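Colleague: Please put together the full structure from these sequences, using the hints given.
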Amino acid sequence: MPKTTMLELGISASELTKSRLLIQGFNLGGQRSIGMIRVDLVMGELSSATLFQVIDAKTSYKLLLGRPWLHENGVVASTLHQCLKFYRNGEKKVNGDVKPFTEAETYFADAKFYHENEAPSEMWPTSIASTGTKAPSENEEEKPEDE
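Numbering (the working numbering) for the sequence shown: 0 to 146.
Just so you know, the hints here were simulated from the structure itself, not pulled from any lab data. There's no promise every hint is true.
Said to hold, decoys possible - Under the rule of at most 25 Å between Cα atoms (straight-line distance), these lysine-lysine pairs were calculated in the BS3-like manner:
{"hint": "1", "residue 1": "LYS61", "residue 2": "LYS2"}
{"hint": "2", "residue 1": "LYS17", "residue 2": "LYS61"}
{"hint": "3", "residue 1": "LYS61", "residue 2": "LYS91"}
{"hint": "4", "residue 1": "LYS17", "residue 2": "LYS57"}
{"hint": "5", "residue 1": "LYS91", "residue 2": "LYS57"}
{"hint": "6", "residue 1": "LYS57", "residue 2": "LYS2"}
{"hint": "7", "residue 1": "LYS61", "residue 2": "LYS84"}
{"hint": "8", "residue 1": "LYS17", "residue 2": "LYS2"}
Said to hold, decoys possible - Quick list of the computed label-pair ranges, beta carbon to beta carbon:
{"hint": "9", "residue 1": "SER47", "residue 2": "GLN23", "range": "20 to 28 Å"}
{"hint": "10", "residue 1": "GLU90", "residue 2": "GLN30", "range": "21 to 29 Å"}
{"hint": "11", "residue 1": "LYS91", "residue 2": "GLU7", "range": "31 to 39 Å"}
Every value quoted in this text rests on a predicted model; they were computed, and no experiment measured them. Heads up, the beta-carbon is just placed ideally off N, CA and C, and yes, glycines get one too.
Modeller: Written out as structure tokens, the structure is:
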């Protein structure tokens, strides 16, 4: 859980339990958790006391629910449809953010655009010249040449 989400939920840093966990990121840089907290996570009829590690980092997500939590609660995550599904007295579906990405200005100095009319018409030769020698087949035994 990012610190920003923790603050949005009205949780103060004093409510965190100390944690010595080092969280490994995609950039292979480690970051220490600033603490952990157990939160009652409620989605419709699904209720679960879930332990979250809090990090002080800018993220594109509000919470990360790991594979153990998904399996323990019988939840199926769909990244394609941006939703969670679970079965409690009938199928339930929890939709993700409609606009999950934040807007940011980017600069691409080395961008190269593909134009179909500039593409080469043929990359491989249409015919391959024979070398004049026949490769032996699997059934033919190679006979030694007489000297």
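Colleague: Hints first: check each against the structure and report whether it holds.
Modeller: Evaluation of the provided hints:
no. : hint                      : verdict
1   : LYS61 x LYS2              : holds, 9 Å
2   : LYS17 x LYS61             : holds, 21 Å
3   : LYS61 x LYS91             : holds, 21 Å
4   : LYS17 x LYS57             : holds, 21 Å
5   : LYS91 x LYS57             : violated, 31 Å
6   : LYS57 x LYS2              : holds, 9 Å
7   : LYS61 x LYS84             : holds, 18 Å
8   : LYS17 x LYS2              : holds, 14 Å
9   : SER47 x GLN23: 20 to 28 Å : holds, 25 Å
10  : GLU90 x GLN30: 21 to 29 Å : violated, 37 Å
11  : LYS91 x GLU7: 31 to 39 Å  : violated, 24 Å
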